[in-house]
Amino acid sequence: MSAEPTIYEISQAGRIGVNLPKLDVPESEKLPADLLRDELTMPEVSELEVVRHFVRLSQKNYSIDKGFYPLGSCTMKYNPKINEDVARYAGFASLHPLTDESGSQGALAVMWQLQEWLREVSGFDAASLHPAAGAHGEFAGILMIRKYHIEHGEPQRTKILVPNSAHGTNPATVTMAGLSVIDLPSDKNGDVDLGALLAICEGPEKENIAGMMITVPNTLGLFERGIIKIVETVHAAGGLMYMDGANMNALMGIVKPGELGFDVMHYNLHKTFSTPHGGGGPGCGAIGVAARLIPFLPTPHVVIKEEAKDADDAPLYGFITPEKSIGRLKAFHGNFGMHTRAYAYIRAYGGDGLHEVSRHAVLNANYIRAQLSSTYHVPYDRPCGHEFVLEGHFEGVESVHALDISKRLMDYGYHPPTNYFPLIVPEALLIEPTETETKETLDQFIDAMKKIAQEAKETPELLTGAPHVTPVSRLDEVRAAKQLVLCCAPVLAEHEN
Amino acid sequence: MSYIPHTEQDRQQMLAAIGVTTIEDLFDAVPPSHRFPKLKMPEALSEMEIASEMQALAEANDHAGNYAIFRGAGAYHHFTPSVVNHILLRGEYYTAYTPYQPELSQGTLQAVFEYQSMMCALTGMDAANASHYDGATSLAEAVTVALDAGRMKRKKVILSPGIHPQYREVVRTYHQGRGLEIVGDAPTNSLAQIVDLLDTNTAMLAIQYPNFFGQIEDLKTLAQKVHAVGALLVFVANPVSLALLKSPADYGADIVVGEGQPLGVGLGFGGPYVGFFGVRSEYVRKIAGRIVGETVDMDGRKAYVMTLRPREQDIKRERASSNICTNQGLMALAACVHMSLMGKNGLKKVAELCYHKAHYAAEQIEKLQNYSIDWSLPFFNEFVVKCAVPVEKINAALLEEGIIGGYDLGRDYPHLKDHMLIAVTETNSRAEIDALVEVLGKVQA
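These protein sequences, in sequence, are chains E and W. Per this note's numbering, the first sequence starts with residue 174, numbered consecutively. Per this note's numbering, the second sequence starts with residue 935, numbered consecutively.
Warning: the hint list may mix true and false statements.
[What the hints assert, rightly or not] Simulated restraints on C-beta separations:
no.: 1; chain 1: E; residue 1: Lys630; chain 2: W; residue 2: Val1230; range: 46 to 52 Å
no.: 2; chain 1: W; residue 1: Ile1249; chain 2: E; residue 2: Arg210; range: 35 to 41 Å
no.: 3; chain 1: W; residue 1: Glu987; chain 2: E; residue 2: Gln656; range: 49 to 55 Å
no.: 4; chain 1: E; residue 1: Glu324; chain 2: W; residue 2: Arg1112; range: 16 to 22 Å
no.: 5; chain 1: E; residue 1: Glu324; chain 2: W; residue 2: Lys972; range: 30 to 36 Å
no.: 6; chain 1: E; residue 1: Lys254; chain 2: W; residue 2: Pro976; range: 18 to 24 Å
no.: 7; chain 1: W; residue 1: Pro966; chain 2: E; residue 2: Glu324; range: 35 to 41 Å
no.: 8; chain 1: W; residue 1: Val1323; chain 2: E; residue 2: Val228; range: 38 to 44 Å
no.: 9; chain 1: E; residue 1: Glu324; chain 2: W; residue 2: Lys1282; range: 35 to 41 Å
no.: 10; chain 1: W; residue 1: Arg1112; chain 2: E; residue 2: Ala186; range: 47 to 53 Å
Read the hints as simulated data drawn from the structure, not as lab findings. From a predicted model like this one, the values you see are computed outputs, not experimental measurements. C-beta: ideal position from N, C-alpha, C; glycine also.
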C-alpha cells in the first residue's frame, strides 16, 4: 500500500471543503487589529479530497468490523450498529449539557436507568456514570477511599496494596491521588500471595493501609481463589477494597463484586457494554460503590427527585451533589454518548442475556486455551475467565519472541493479542476472544497459531522479519523518540520562522 | 436480541475439547456461596423496540433540533459538516483499539498526527498530545506539568475567576491530595489582582481566553510578569476563537489547553468531548497521554507510531505522573476531519460569523429597556447581559417560544445575580436572534 500524503501535503491555497452561510446581519465594528492573528497554517482541501484522504487512511487500520481482535484485557467484542444510531438521535446528540433538568428528563432517565442496571449487575448499592474512562474511574474510587479515611479520623491511611499483576493504571492512580503503593507478590498459581498479604495487614503498616486494588478475574485471566479471604483480611486491617472491573465481561451473572464485599469498582463501559473504543477512546469508567461510600460519590450524581405518582407517570430525575463528594472529575455529566450506547446494549440482552454473554466469553477463552496448550506453554493451565496467558517463546528457538509471533499473526489477518502484559509472565501473550466470535473463527485462529509455532522452529526469520503484508513493516520506534517529529512539516516550518 | 453466535452443537464440541461437561464447570474457582446470582433486569428487547424506546427518550429533551440555542458556557452549538459523521461511522476507525500495533493502525496514527499538527497551528504551541477527556481535565493535567516543571517545590497555583467554574472545580478535585495552594479565583477578582499573587512559590497562573464571560482581557504584559517569577503561563482557549484571534503563543503562553467540542464534536449532553493540550517543546516530555510521532519502517517508508511511551502509566507504573490510558481518539478524529473541511478560510469565516452575529445580538438587546450589555472589554461570541428580572423568569418565557436562553451567571458569581451569559454562533439565524430580542423585550419585571 502506498504512503498517504498528509492533509497538509494535499493542501492547495484557495480550496475549501465546506459551504458556509452568508452573514445575514449587518457587519459590526471589527476587533482592534492588535487582537487579530495574521497567520493560520491550516490545510485547504476540497470535500472530496477530505473524504478520500480519510477513507484511504481508514483502510490502513485493523478493526473489529474487519476481523478477529483477541486483545487481552481490552475486550474487543462486536459493537452493535444500533448503538451508534441511538447515540445520534437528535434529542441526545444535540442536547446542550446546561439544559435545565426539566428539559433533559429523557437523558436523565437514560442515565438513572443505566446506573440502576450497573448496580444490579455488580451488586453494589449505587453507581455513578461520571468518570470518562476506566483510569478516571480508578482515580474517583481511590479519591473516595482516601476521603473516607480522612472523614473517619484516619488521615494516616495512605498506603494502597497493589498486586504485581495489576494494570499499570492502578499504581499510577494511587500516586496521582497522593497515596503510595505497597507491591504485593503473586504465588506460583497466579493468585495473590495470601501469606504476604496477611503479613502486611497484620504487620507494622496495618494502621496505614487505606485499601487494596485488585483485578477480578486477575490479569492472568484467573479468578482469585482466595478472594473472600483477601477481602476479609484487608477489611480487618481497616482498609477498603477496590476492584478493577476491566474484566467484568467474565462476571455478569457469575458473581456480584458488591456481594463479595468490595467497596468500590469501576466498569469499562467500552469493554463490557460494547461502547466502541474508537482508536483509543472515548470510554466511560462508571463506578459502583457500597453504601458507606455513597456520600463520597463525584458530583453530579443522578437521582430521582420525585417519585412517579402512578404507573403512567414518570418520576422526576435530577442531579445532586453527594454530601461529602470528592468533587467534580470533568466538566458536565460524563461521557453521555457512551451511556446511550451501553443502555441500548443492556436492553438488547436483558439480565439473562448478560449472563449468557459472560458464559460464552469464558467458553471461548477456555476453548482456545485447551486447543493451544499442547503447542504453547500455558503457564497457568486451569480454567480461565474470559482471557488467558500463554508464553510466546519456544525452547531452542532463542531468536523468536512474543512480539515476533504477534507481528506474524498480522500476516495471517489477525490483530495480535496483548504483548508483554501481565509483566509477571515472560514473553506474555494475553488472549481474549470475547463471546461474539464463532467457533469457526476461533478454529482458524488456533490453526494460525499452530502454523506460526511450526514456522518458529523451521523458518524463524519469517517471524522475526514479520509483518510482511501490512501497509508498513516494523517501525523504528527508537528514532521516533530520539528525533521527535510531532507535527506536519508546514506547521514545524511555521514554528521555526 | 443477542449477538452471541453459538449453536448448541458448537457448545458441545467446545466443551468436549476443553474436557468439561457444562459451561458451569468452568467457574469452580468462584466461591460457591456467591456463584450465579440472578440479575433482576427487564427482559431482552428486539432492535425495533430498542430504537422506539430510545427515540421516545431522546424526544423528551429540549434539544437543538427543535429549539434555538443561545446557551454556551463551555459547550457550543456549531455546524458540523456531514462528512465528519460519515468518517466517524467507518468501522475501521470506531471499532479499532488504541494503536499499540502500529503496522495495523497507520490510519488512526496518521489522523492523530494531523490532529496534533492542527492543534499546534491553532494554539501556536510546538507540540500537542492525542487528546484528554475534556477541557477541564486538560487544565487539571496542566497543573501536574507545571508542578513537575517547578520540580515539585512550587506549591501555588493561581487560577483566574474568568476560567469556567467547572474547570476550576476539576482542578481542585484532581489535586486535593497534593497539599497545593490553589488561589486567585474569588468571583470578583480582576486580572491585576491575581497577578499580584505571583511569587517565587508559584508554579503556574492560568487564564481563559476568551474568558468565561466571552471577553478578551488585556494580556500584553501578562507573560512577562508570570515568567519574571519563574512560573508557567497557562491558557484555556476556545479553539474557534483562535482562527480569528492572536494565538496564545503570541502572548507568551507555555501551555494551552481547552475544549475541542466546538470543532465538529457536537453538544451530546456534555460528552464525549475532547480536551486538547499543547506545550512549548521544553515541556513535551512532561505531558500526560498519548503522542504520535513520525518515523520510518524497516524499508525506509514514512510511518507513524505512539512515541515517548516511557512516560506512560503502562510502563512507568507508580512513577508516572498521570494514569491517563483511554483518551478521546475518535473525537480527535472528528476535530481533525472538521478542521480539514473548514480549512484556513472556513475556520476564519465561522469565527467571523460568530463574532458579527453575537455583536448584532448584543446591539439589539442593548436597545431594550431593562437590559444592558457589558462593553468594558472586547468579546468574541459570548457576552454578559445585565437584566432587570431574574434570569430564570426570562428563560422560562424564552422556552415557551422555542428558545433556550442564556446561562444564569448568578449560579457561580453571586455579584452577577440577574446577569445572563448569551452565546451566539453561526447556527443562529438573524430570525432566531430577532425572536430572542423580541421575547426579552416582552419579559416584564
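Against the structure, the hints:
1. Lys630(E) x Val1230(W): 46 to 52 Å: The hinted range 46 to 52 Å is violated for Lys630(E) and Val1230(W), with Cβ atoms some 31 Å apart.
2. Ile1249(W) x Arg210(E): 35 to 41 Å: 38 Å, holds
3. Glu987(W) x Gln656(E): 49 to 55 Å: Holds, since Glu987(W) and Gln656(E) (Cβ atoms, about 54 Å apart) stay within the stated range.
4. Glu324(E) x Arg1112(W): 16 to 22 Å: Holds - the Cβ-Cβ distance for Glu324(E) and Arg1112(W), about 19 Å, lies within 16 to 22 Å.
5. Glu324(E) x Lys972(W): 30 to 36 Å: 35 Å, holds
6. Lys254(E) x Pro976(W): 18 to 24 Å: Since Lys254(E) and Pro976(W) have Cβ atoms about 22 Å apart, the given range 18 to 24 Å holds.
7. Pro966(W) x Glu324(E): 35 to 41 Å: Given about 36 Å between the Cβ atoms, the range holds.
8. Val1323(W) x Val228(E): 38 to 44 Å: 53 Å, violated
9. Glu324(E) x Lys1282(W): 35 to 41 Å: Given about 52 Å between the Cβ atoms, the range is violated.
10. Arg1112(W) x Ala186(E): 47 to 53 Å: 48 Å, holds
In this structure, the earlier hints numbered 1, 8, 9 are contradicted, and the remaining ones agree with it.
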